[in-house]
Structure formats: C-alpha cells, structure tokens
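Each chain, letter by letter, is given below.
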Amino acid sequence: MLFFYLIYSVALWFWTNNSIQGYDATCRVSYVFLVAGFMVCSFLVFALWRKDKAVSTGIFVALILANMGASIAYRTSEIALNGYLEDFKIMAIAFLIVYVVIRFTTIYQMTVLNWICIGSLPLILLITRFTDDVNGGAYLEFFGLQIFGLVLIGYPFVAAHFMAMPQNRYLFKNVRSLPVNLLSLLSYTFVLFVGCGICNEFGLLLVVALSTTVIFFLRCRNWKTKVLYSVLCMAGAFLVTLVASHVNDRVEIWLNLKAAAENPHLATKAETVLYLFRNFLRMGWYGNGIGNLSPAYYKTLNNDHIVVTLLNDYGAIITILVLAVGILFVKWMLYEKGSLNLYDRYLNITCALIVGFIMLLHVASNLGSFVTAGVGFPWVSDGGTTNLMFTVMLAIHCGINKKEGADYEDFCENEETDEW
Amino acid sequence: MSIVIIQLICILSLLILVCCIYFNIRGIHKESRVLGKALWELEVRNRSYGTSEKLELSEGTYFLGKGFINDITLKMKGEKVRLYLNVQKDKIYLSVLDGAVRIQNVTHRSNKESQIAIGDYDRICFQDYQLQFKRKKVI
Chain A
1 MLFFYLIYSV ALWFWTNNSI QGYDATCRVS YVFLVAGFMV CSFLVFALWR
51 KDKAVSTGIF VALILANMGA SIAYRTSEIA LNGYLEDFKI MAIAFLIVYV
101 VIRFTTIYQM TVLNWICIGS LPLILLITRF TDDVNGGAYL EFFGLQIFGL
151 VLIGYPFVAA HFMAMPQNRY LFKNVRSLPV NLLSLLSYTF VLFVGCGICN
201 EFGLLLVVAL STTVIFFLRC RNWKTKVLYS VLCMAGAFLV TLVASHVNDR
251 VEIWLNLKAA AENPHLATKA ETVLYLFRNF LRMGWYGNGI GNLSPAYYKT
301 LNNDHIVVTL LNDYGAIITI LVLAVGILFV KWMLYEKGSL NLYDRYLNIT
351 CALIVGFIML LHVASNLGSF VTAGVGFPWV SDGGTTNLMF TVMLAIHCGI
401 NKKEGADYED FCENEETDEW
Chain B
1 MSIVIIQLIC ILSLLILVCC IYFNIRGIHK ESRVLGKALW ELEVRNRSYG
51 TSEKLELSEG TYFLGKGFIN DITLKMKGEK VRLYLNVQKD KIYLSVLDGA
101 VRIQNVTHRS NKESQIAIGD YDRICFQDYQ LQFKRKKVI
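Just so you know, the protein sequences line up as chains A and B, in that order. Numbering-wise (the working numbering), the first sequence opens with residue 1 and increments by one. Numbering-wise (the working numbering), the second sequence opens with residue 1 and increments by one.
Worth double-checking, as some hints may not be accurate.
In silico lysine to aspartate or glutamate, EDC-like type, Cα no more than 16 Å apart, as pairs [as the list claims (entries may be wrong)]:
no.	chain 1	residue 1	chain 2	residue 2
1	B	Lys-91	B	Glu-41
2	A	Lys-173	B	Glu-113
3	B	Lys-134	B	Glu-59
4	A	Lys-337	B	Glu-59
5	B	Lys-89	B	Glu-56
6	B	Lys-91	B	Asp-122
Some but not every residue of chain A turned toward chain B, in silico, with C-beta under 10 Å [unchecked claim]:
no.	residue
7	Phe-4
8	Val-10
9	Ala-54
10	Tyr-314
11	Val-325
12	Leu-328
Hint data in this document are derived by calculation from the structure and do not stem from the laboratory. Keep in mind the model is a prediction, meaning the values are calculated, not measured. A virtual CB, placed ideally from N, CA and C, is assigned to each residue, including glycine.
Chain A with its partners taken away, still in its complex shape:
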C-alpha cells in the first residue's frame, strides 16, 4: 500500500505541476514540501502501525484525499496552496494531541468536561452571531475558527455523553416510551437548531439533524415514537423551507432547474448546477486538464464544488475513485472494537455519521440532486476548520480502536447447581 501511495503522490504532483504554469519558485517549493510532508506521514504510519490495519488504513485514506486536496489547492491559486500548507501543519499537530488524549486517557469521558462542552456549543453559536460582522452561514468565525467545524468537533462528545448515561428514567415513567437520556439529546439538538437558525448556518443544522436522527433510530425501541419523530422532522423541514429564504431558493432550484434558470432571482444560483449538466459529456473519462475550470463559473471550486472540479479537470475516473475512497473511509470509521464501552461506541458512531453525511451532502449538492448545502469534501476541499474537524474525528477513531480495553472473562466462581 505504501509503495502505491508513493507512486500516486509522485504521479499526481508531476501531473499537477506540469499542468499549471506561471507560479514562482516559492509556490512550487511549497507544493513539493506539502507532498513530501504527506510522504513522511505515510512512512511514519507504515513504520508504527503496519500490522494494525484497523488504524493504518484510515490514515492512508486521509493522506490520499489530502494529496488530492493539495493538487486542487495548487491549481486554484498560490494563496490557496499556502493556506493548505499551513492547515496541514495544524492538522498534523491536532491529530497527535487528540490521538494521545483518546488513546492513553479517559479525561474526555469526564462528566464535567462533557457538560462544559454541552454548554459551550449553543453559546458559541450565539456569541458568534452577535460579534461577527458577516451575514451568517458557514463564514461565521469564533476566534478564527468556522462555527461549522467547531460545533461538529464538540457534538460527538455531547451525543456520547447523553447516550452513555444510565437509562433508568423514561417519559411518563413507562419503559416503552422515550428514555430521558434520548429525550435530552433531542432537546439539546433542538437548542442547536435554534442557534443554527440564528446564524443562518443550515449546512450545520442538516448534518446535526441527520446524525441525531440515525442515533435516535438506533436507540429508540418504540415504533410509535419513531413515527412521531419522523412526522415532526418532516414538518420542521417544511417550516424551515418556508421561513428561510435562501433554503427556499435552493429547494426551488432543486425542484425545477429549468424554471429556476429563467428566473432572474435564481439564475445565478442555478447556473452552477446547469454548467455541470451542459458540460458533462465534454468532461469525459479523463477530464479537460488540471486548471481548466474557471472560477467565473464556480467561485468555490476548491471547497464547495470539489466534485465538479474533479469531473471537469481530472475526469470521471478519478472522481469515481475519489468518491470510492470516501465511501470506504466511512465504512472504516464504522468499524469498532468489541471491547469498547458505551461512551466510546457512541463517540465513534457519531463521528462516522457526521463524516458520512457531510460527504453525502457534498456530492448530492454538487450533482444538483439535493438542496445545495455548501459543505466541503473531507481533506480534498480547502477549509481549515472543516479539515481540522475531519482530522480530529480520524484521531478519535484511531485512539479509540488502539485503546487497551479491560479484558473480561467468565465469572465462574460460586456457580450454583441446577435447581428449579
């Protein structure tokens, strides 16, 4: 695997470097430095965890995607490449810190820390909305970190905390109805929804809603409650579509692309979807060459429109392979060691769900088949906080699965005799 990774890295670097001309020597050196950094990481992973495929495979996947991200950053601009280089350094440090904390300690399971996290997330949303100058959405920042990534870093710990609470109390004191811990998670998620609504951050709302829904369906044992929840979710989604103007616009584009293209109010937004359909055949299996897609069509071609950039510049084969790598990454994230406690299991599954739903939303919105959510693809998209979040989740998964679980054996003493 290491051998083919090295070939892939060198080939992609050579391909990108030869396709994009006109950059100064500093930028070219930065790109070499970045690719070399990925290679050093791959050697380290190979040396440390060669036999432990449950850990090394996921890190290799992250490096493959990061390599593609560096190539797209290089084809976008010198600033984007330097930004990616800086992000890579932070991601590497964050991975090490989170991995060590999760692998060797249990402080992240402490109730006090979890309650601090529970309190912080809605506060972050509120404080950011009233202190940041921008209109809202994914560009809102809290101390230089985008709220989308920041809230999603904390959310798995919140979900794990609620799900690992002893399930002794039930709504209406009836064991068939909703357990209090699950009700608490749903209520908390609703508070986050309000925060997301205030911040106009509907991408975050969608990811949190989808992840919570899966956790709810996994944990809730009463089908009547599940049906009621589904109805409430649909009603909520309908209400948001009516109330939030830009969500309404996106739904209109989704429902009738042709009519949206003729509507002066929606034409610009619909153009990004139309461009893909009009030029799909021209893109072909091998693409139009790196650097071909113009930022005039896609201002966010290196973050929100990765699939379109890949299809246009790198071709359908590379796009399919990158998507396959992404799907395999989610499958890898869903693996869990048998000896995990309930907290770690839910922490792991929430991370996997978040990564999976972000990928799904990204691909769906790029292909015009879903509400355009404006979320990035893991490590391929340019986005410091979002990539930091994916790295933290990668480190959480690796740390959990390398944890020394307490061994259990049958308690055979005082075995009683057969007696009826």
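Since the structure of chain A is already known, use the hints to place chain B on it.
For chain B alone, coordinates are given in the frame of chain A:
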C-alpha cells in the same frame, strides 16, 4: 514523459489503492462482529425441551419474548410473556411488559412502570423457562 502517461499512472495507482483499502477494510470488519463489550451472560433453560443456551449481553436494551420482533426470541405456549431488559454495567433492570414472571419466589405481573433490579444469579422463571444472569468479571 507526457502528461497522458503520468495521468494513467496516477489513475492506476489510485485504483490499486482503492482495491487495497477495500480488502483491508473487509478484513478488519470480519475480525470483529461483536457490538460492544459483553458485560453479562444470560443462560436460558427450558424444562420441557431440556435445552440450555447461553447469550452474551452488552450495555443496552433488549426485548425478550415470542416472535421475530424481539431481540431474544423464545418458543412459547400458553400465556404471552414479553420482557424488557435494560442491561447496565452493574445491574439489569427488568420490566414485565406482558404476562407474569417469578423472581426469587415473588410473582411480578405486567407493569410498564416497574423496573425490577436483577443481580448476579437471580433466577427468572415463567412457563417452562428459567433465565439466569451472570455478570462477567473484569480482571
């Protein structure tokens, strides 16, 4: 070397990497199919069939009764018995959803509000069945 050849090398190496990742992940998923740490062992004995089976339970909730909708399915004749087991680290909480069970010579009838704490080696009897829970020990 032309860009086309480099592009093909890139595609081929990525394709091989995808295959390697796929087989690695298939391997690790095969290794462990156990969900969660098994904390308790449930032994189910049936007097009329003369059978005995053991199950491992991790933290979570389980329905036990007749029919495929339950997590633990038992063949039963006569009065319908359905139990709700809330498995936790130190204790198991049992609720009788349908029918009646006998625990340590005390009969508990259907009550969705009641949660009966079950400890090590407590026996639950109903119809021809006897259930016994054993807590696994941490070494």
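Given the hint that Lys-173 of chain A pairs with Glu-113 of chain B, test it: the Cα-Cα distance must not exceed 16 Å. This hinted pair holds, its Cα atoms lying about 5 Å apart.
Taking 16 Å as the top limit, are the C-alpha atoms of Lys-134 of chain B and Glu-59 of chain B close enough? holds, 14 Å
Cut-off 10 Å, beta-carbon criterion: hint that Tyr-314 of chain A touches chain B: Holds - the Cβ of Tyr-314 of chain A comes within 10 Å of chain B, reaching about 8 Å at its closest.
Status of the hint placing Val-325 of chain A at chain B (closest C-beta pair under 10 Å): holds, 6 Å
Given a cut of 10 Å on the nearest C-beta pair, is the interface hint for Ala-54 of chain A held or broken against chain B? holds, 5 Å
If you take the shortest Cβ to Cβ gap from Val-10 of chain A to chain B, is it below 10 Å? At 9 Å from the nearest chain B Cβ, Val-10 of chain A passes the 10 Å test, so the hint holds.
Against the 16 Å threshold, does the CA-CA distance of Lys-89 of chain B and Glu-56 of chain B hold or violate the hint? Judged against 16 Å, a Cα distance of about 13 Å means the pair holds.
Restraint check, 10 Å cut-off on beta carbons, for Leu-328 of chain A near chain B: holds, 5 Å
Against the 16 Å threshold, does the CA-CA distance of Lys-91 of chain B and Asp-122 of chain B hold or violate the hint? Answer holds: Lys-91 of chain B to Asp-122 of chain B is near 11 Å, not above 16 Å.
For the restraint on Phe-4 of chain A, tell me whether the closest CB of chain B is nearer than 10 Å. holds, 5 Å
Compare the distance between the alpha carbons of Lys-91 of chain B and Glu-41 of chain B with 16 Å, and conclude whether the hinted pair is satisfied. holds, 12 Å
Under the criterion that the straight-line Cα-Cα distance not exceed 16 Å, is the pair Lys-337 of chain A, Glu-59 of chain B satisfied? Between Lys-337 of chain A and Glu-59 of chain B the Cα gap is close to 15 Å, so the pair holds against 16 Å.
Taken one by one, the earlier hints all hold for this structure without exception.
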